[in-house]
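J.: Sequences and hints are given; from them, build the entire structure.
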Amino acid sequence: MANPSKRSLLEAVTDHGPLSRSELSALTGLSKAAITGLSRELIQDGALAESDVAAAPARQGRPSILLTLNPSYGYFIGASIVEEPVTLVLTDLQGAVLGQRSAPWSNDPREIAETIRQAVPHLLGGAGIPADRLRGIGVALSGLVNNDQDRCLHSANLGWLDLPVAAVIAGATGVPVFLENDANAVATGERLYGLARDFRTFTTVTFGDSIGCAHYVDGALYRGHGGGAGEIAHCTIEPGGLPCRCGKRGCLDTIAPRQAILAQARERGLAATTTAGIEALAAQGNTDAIQILHRAGGALGLAIAHVIQINNPEFVLVVDVDGALGPLFRTVTQQAIEANVLPRLAASTQIRFHQATRDLWARGAASIAAHKFLTREEG
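Numbering (our numbering), first residue to last: 322 to 700.
What the hints contain is simulated information worked out from the structure, not anything from laboratory work.
Check the hints yourself; a few may be wrong.
Claimed, not checked - Here are the simulated lysine to aspartate or glutamate pairs, DMTMM-like style, with alpha carbons at most 25 Å apart: (1) Lys693 - Asp469; (2) Lys693 - Asp530; (3) Lys693 - Asp519; (4) Lys327 - Asp539.
Stated by the list, open to error - Listed next, with one range per pair, are the computed distances between beta-carbon atoms: (5) Gly590 - Gly545: 37 to 45 Å; (6) Asp366 - Gly545: 29 to 37 Å; (7) Asp366 - Gly561: 24 to 32 Å; (8) Asp643 - Pro451: 32 to 40 Å.
Just so it is clear, CB atoms sit at the ideal spot from N, CA and C, and this is done for glycine as well.
T.: Laid out in structure tokens, this is it:
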């Protein structure tokens, strides 16, 4: 996409924009003359645009012309194969969703590739985007992805082991394809376009049928040595507890996510088929419902507390998928975090619960493709 200096400028605008040329010089360490020349080239290329100075009312003194990403410079498709059905979205360079489709789920890479191939013209056509403006495709999945983001190393959910999935999809679509773990995709989306834009060191926890976790450290996604950083779902919370699909016992995933909560409700004979129903029973004083939510919320809060003490993030964003977290669950989770974190760390860590729809993984996948487009080298 760009030489190192241009990439540095684009990343600064992506992370902190809109920005004046003086602010870009301070952030990148490049001279004002270099910034002027590079920004002129990027504006001519169409990657950057000069925005209205009114977009930054807090700035003092003489108004400055601000540089921002040109949203129409590139478009990206994100595909989520995390849960049924397959969800696909089309976004612009600033993360705005311009179209969405769904398709039957499959764990066959060739079928997934064909599903995405068929969706491309519908998504682009529906938004009036020419095919040559599609810059990349991102795919979010539950599992481990290699550092080059082209192979799925392992996914228990999909039954995949060391598969070159990106090449299969790229072969079908003719577009660059990048894979990412579902939690990492969400974290990247929040870093580029969402609630974590103002933080360089933060953790996201996604809560739904399962639990995902990802970390940004000093502005960069932390993947770990083998791509497995953030696997709090398989932290042992209850030694010797229930067997987990990973082969261990007592994992967080056996206690806290939506499916585990509903399984506990069935075992106790509760007439509730949703977490909202269990919350309603708890509000009516049902002892079993209260105990289930206290156990699950306490386990999730304990796991997050461990993450805070290990990574010391500025911000923890707990993303509630489709309203799975009710008021009692949130309260117990928050209390468990506070009870198990050193007071100084608790006071300095912002924690926020945020409700999102199931397209969050597809939106995150699109942000992976956008980030790759902005930062990959020329040639």
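J.: Taking the hints in turn, state whether each one holds.
T.: So, going through the hints one by one against the coordinates:
no.: 1; hint: Lys693 - Asp469; verdict: 11 Å, holds
no.: 2; hint: Lys693 - Asp530; verdict: 29 Å, violated
no.: 3; hint: Lys693 - Asp519; verdict: 20 Å, holds
no.: 4; hint: Lys327 - Asp539; verdict: 21 Å, holds
no.: 5; hint: Gly590 - Gly545: 37 to 45 Å; verdict: 41 Å, holds
no.: 6; hint: Asp366 - Gly545: 29 to 37 Å; verdict: 35 Å, holds
no.: 7; hint: Asp366 - Gly561: 24 to 32 Å; verdict: 60 Å, violated
no.: 8; hint: Asp643 - Pro451: 32 to 40 Å; verdict: 34 Å, holds
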